[in-house]
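There are 2 protein chains.
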Amino acid sequence: MDSLLNSCKLAQKELLKLSNENRNKCLENISKALKDNIKFILEENEKDINNAKANGISSVMVDRLKLDEKRLNNIADSVIDVMNLKDYIGEVIEEFNPENGLNIKKIRVPFGVICAIFESRPNVSVDITALTIKTANACVLKGGKEAINTNKALVKVMRNAICDIVNPDIITLIESTDRKTTDELITKKEYIDLLIPRGSKRLINYIVENSKVPYIETGAGNCTLYVHEDAKLHMALNVCINAKHQRPSVCNAIENIIVDKKIAANFLPELKQAFETLTPSVEIRGDKEVQKIIDCKPATDEDYYTEYNDYIVSVKIVDGVDSAIEFINEHSTKHSEAIITEDMDAVNKFFTEVDSACLYHNASTRFTDGGEFGFGAEIGISTTKLHARGPMGLREITTYKYIISGNGSVRK
Amino acid sequence: MDSLLNSCKLAQKELLKLSNENRNKCLENISKALKDNIKFILEENEKDINNAKANGISSVMVDRLKLDEKRLNNIADSVIDVMNLKDYIGEVIEEFNPENGLNIKKIRVPFGVICAIFESRPNVSVDITALTIKTANACVLKGGKEAINTNKALVKVMRNAICDIVNPDIITLIESTDRKTTDELITKKEYIDLLIPRGSKRLINYIVENSKVPYIETGAGNCTLYVHEDAKLHMALNVCINAKHQRPSVCNAIENIIVDKKIAANFLPELKQAFETLTPSVEIRGDKEVQKIIDCKPATDEDYYTEYNDYIVSVKIVDGVDSAIEFINEHSTKHSEAIITEDMDAVNKFFTEVDSACLYHNASTRFTDGGEFGFGAEIGISTTKLHARGPMGLREITTYKYIISGNGSVRK
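If you read the sequences in order, they're chains H and U.
So the first sequence is numbered by our numbering: it starts at 21 and just counts up by one.
So the second sequence is numbered by our numbering: it starts at 21 and just counts up by one.
Calculated from the structure, these hints are not laboratory results.
Treat the hints loosely; a few may be bogus.
Since the list gives no way to pick one copy over another, a pair counts as held whenever it fits inside one copy or between any two copies.
[Stated by the list, open to error] Cross-link-like lysine-lysine pairs, in silico, DSSO-like; alpha carbons within 27 Å at most:
1) Lys-209 x Lys-369
2) Lys-221 x Lys-200
3) Lys-73 x Lys-59
4) Lys-33 x Lys-281
5) Lys-172 x Lys-73
6) Lys-55 x Lys-165
7) Lys-369 x Lys-45
8) Lys-292 x Lys-432
9) Lys-176 x Lys-37
10) Lys-126 x Lys-369
11) Lys-165 x Lys-59
12) Lys-126 x Lys-106
13) Lys-106 x Lys-125
14) Lys-176 x Lys-59
Working from the sequences, and respecting the hints, build out all of it.
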């Protein structure tokens, strides 16, 4: 393990010397090679699919794992999209000349080695590779065992595609997929500059509890939408439907709807009717106050902390914006929350006091996404406050250093 | 512990609602109260001094611990300096309008609760309090047992000074000073948003190994100065003297001098003579190659990794800029390094390839300091790459959130 990681670290020093043009050339070659090797990659993917079926893995998971010509072409095209994004490396973020006579430049630089630990979806290995090469970072990839043949094939093709330009160890796959390897990997502070876990809550919590390597926590989204007393109810209903129903499996979908008590008797029956007539329908869970107004399943305290990732929503009645904010700060995973209202004082209070990465006024939480924010790419949604918050694009996987010029300057 | 931390977290919600004027008023009151209560504070400090002497603590440490009227007035004045700095909270860092029609603002916000764990120097409790209040952060302070009476007195005075404006629990002192309390504190992710350890390498390593709370590593400085073959030797000598001798106890002093082999025979005797004639003199340790040129103590491999914080320097001969960069990246704590040369190609290579927070050309590493960088204040020097690198001022103890406005906007 140490020798693999050290090779990756040394290879990054080579990558650091490449121009943006040469880093782009790597990405162009990778995209082309993925398309040229479709047959090989799909054969290897087929092995994973067969193993998954033999192991009785759910059809949803098998679908996540499966590549076909169209999916693979999309993955290859997305590498070109990353290639065409802005080059952030070397950017002078600030320049200043303090009284001591020095010239100080704050310039944007790569982290060095970024390690991604992720679960089944095989596109992640290509995505992370493209984003890291574009930013002159090397990557260490550890995928799930379900996708090991696919990941090996993808990494082999990508490494071959760049080996004439740069040391291919800038893409390093950890082939052992067991937990013990993860345990070892997350102590390797001397080789890995940043760890990005992508996958289930269980995986992310495990990293948070055990990592000695600096990491950015991603993904968990227990998002809440608050319908304020001055909301346009028709708008509130539309946004609720979009935020809950469009794609409930993702982290920016809402899990809780909290409704001001002054409008609950009007709004909740409409919400229930709308959610019942959708296909698939959305199950409402409510506490006793909600159940006085509409007929629904009971919500436990636990429900309000739960990210269902399903066609289920917890509903609660709150008494004004202060109690709405209190509810959110207590239950939220600090991802995305929305307020629907025409009252700008309530909006400002909500924006100031709710402690989450992305706060929406009269809009769906579903917009928390690198693409929707115009970043062109996304490495994950950060739910920590350190370094990057919310959608992370290329810029968020860079750091900076100060370069300082003097003329024999000494401190007085 | 949980109840203390929870009170601090809740008090921060109040602080968040204060205007910059009211936060400044808190700082003004604190500064005045520190001056008004000099007698009380010095009496309490006297207890710590007496305990320290009774426990046989070194005179250097006793001096660090000791307050007098002048030191306390300086500490109180520095609170006013922080008060007069720019207000970063609420600053719109960026604003953009992607194609989906939303308006997205990235605004600067406090972390929430910042916990500082620090050792003997009692000015730290006032410094951290001032910096956090200015940025609308609450602080949890845990000082060393040697300064407990002083810290209690300072915190009591500061809390009393602000209690008419805001809930004084925004300044929370952990009175228990044992290791078990630290162990507990560094798991309290639900209350503490950011941990800043300030003190010995041992303390910082302990935090890095054990903390579940996001932290910024500070302080360790194994800094190197590289005398390139095209250096002006007189300039090199001056900078070496400043970087090593002016204040060897601090993290931005150099511990290693590496000299290009083409100039070693000229430069090393001059260096030796200069270092020997300083008061106090500087001890040179060199490997075999160095010892061929000058008479000095032998340097072990270990020496080149050592932060002496003393009038000692390790010297090594290197063969060109590549091997200088390799030496630094291997031995450095990623704090500050310098190159002395007239060759701009060498400078650019050094700036690109050395992986440390602050890189100097023809200047002393001693400038790595919030004050020298014009930040007006310093919370520490970060040696990590996540969030903040190098000197951290007010801005570096803030984070951001996105506030997004739509008009019933839903994702397509």
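The hints, checked one at a time:
1. Taking the shortest alpha-carbon separations for Lys-209 and Lys-369, only the inter-copy value of 25 Å comes in at or below 27 Å, while the best intra-copy value is 41 Å.
2. When the C-alpha separation of Lys-221 and Lys-200 is checked against a cutoff of 27 Å, the pair qualifies only within one copy, where the shortest distance is 19 Å, while the shortest distance between copies is 29 Å.
3. Taking the shortest alpha-carbon separations for Lys-73 and Lys-59, only the intra-copy value of 21 Å comes in at or below 27 Å, while the best inter-copy value is 78 Å.
4. When the C-alpha separation of Lys-33 and Lys-281 is checked against a cutoff of 27 Å, the pair qualifies only between copies, where the shortest distance is 24 Å, while the shortest distance within a copy is 60 Å.
5. For the homomeric pair Lys-172 and Lys-73, the shortest alpha-carbon distance inside one copy (19 Å) is at most 27 Å, but the shortest distance between copies (64 Å) is not.
6. Taking the closest pair of Cα atoms, Lys-55 and Lys-165 come within 27 Å of each other only inside a single copy of the chain (24 Å); across copies the shortest separation is 65 Å, beyond that limit.
7. Taking the shortest alpha-carbon separations for Lys-369 and Lys-45, only the inter-copy value of 23 Å comes in at or below 27 Å, while the best intra-copy value is 49 Å.
8. Taking the closest pair of Cα atoms, Lys-292 and Lys-432 come within 27 Å of each other only across two copies (23 Å); inside a single copy the shortest separation is 72 Å, beyond that limit.
9. For the identical chains of this complex, Lys-176 and Lys-37 are intra-copy neighbours only, at 23 Å inside a copy versus 55 Å across copies, given an alpha-carbon limit of 27 Å.
10. Proximity of Lys-126 to Lys-369 under the C-alpha cut-off of 27 Å is restricted to the inter-copy arrangement: shortest distance 17 Å between copies versus 35 Å within a copy.
11. For the identical chains of this complex, Lys-165 and Lys-59 are intra-copy neighbours only, at 21 Å inside a copy versus 67 Å across copies, given an alpha-carbon limit of 27 Å.
12. Taking the closest pair of Cα atoms, Lys-126 and Lys-106 come within 27 Å of each other both inside a single copy (18 Å) and across two copies (19 Å).
13. In this assembly of identical chains, Lys-106 and Lys-125 lie within 27 Å of each other by CA distance both inside one copy and across copies; the values are 20 Å within and 21 Å between.
14. Taking the closest pair of Cα atoms, Lys-176 and Lys-59 come within 27 Å of each other only inside a single copy of the chain (14 Å); across copies the shortest separation is 72 Å, beyond that limit.
In summary, the structure agrees with every hint in the numbered list given earlier.
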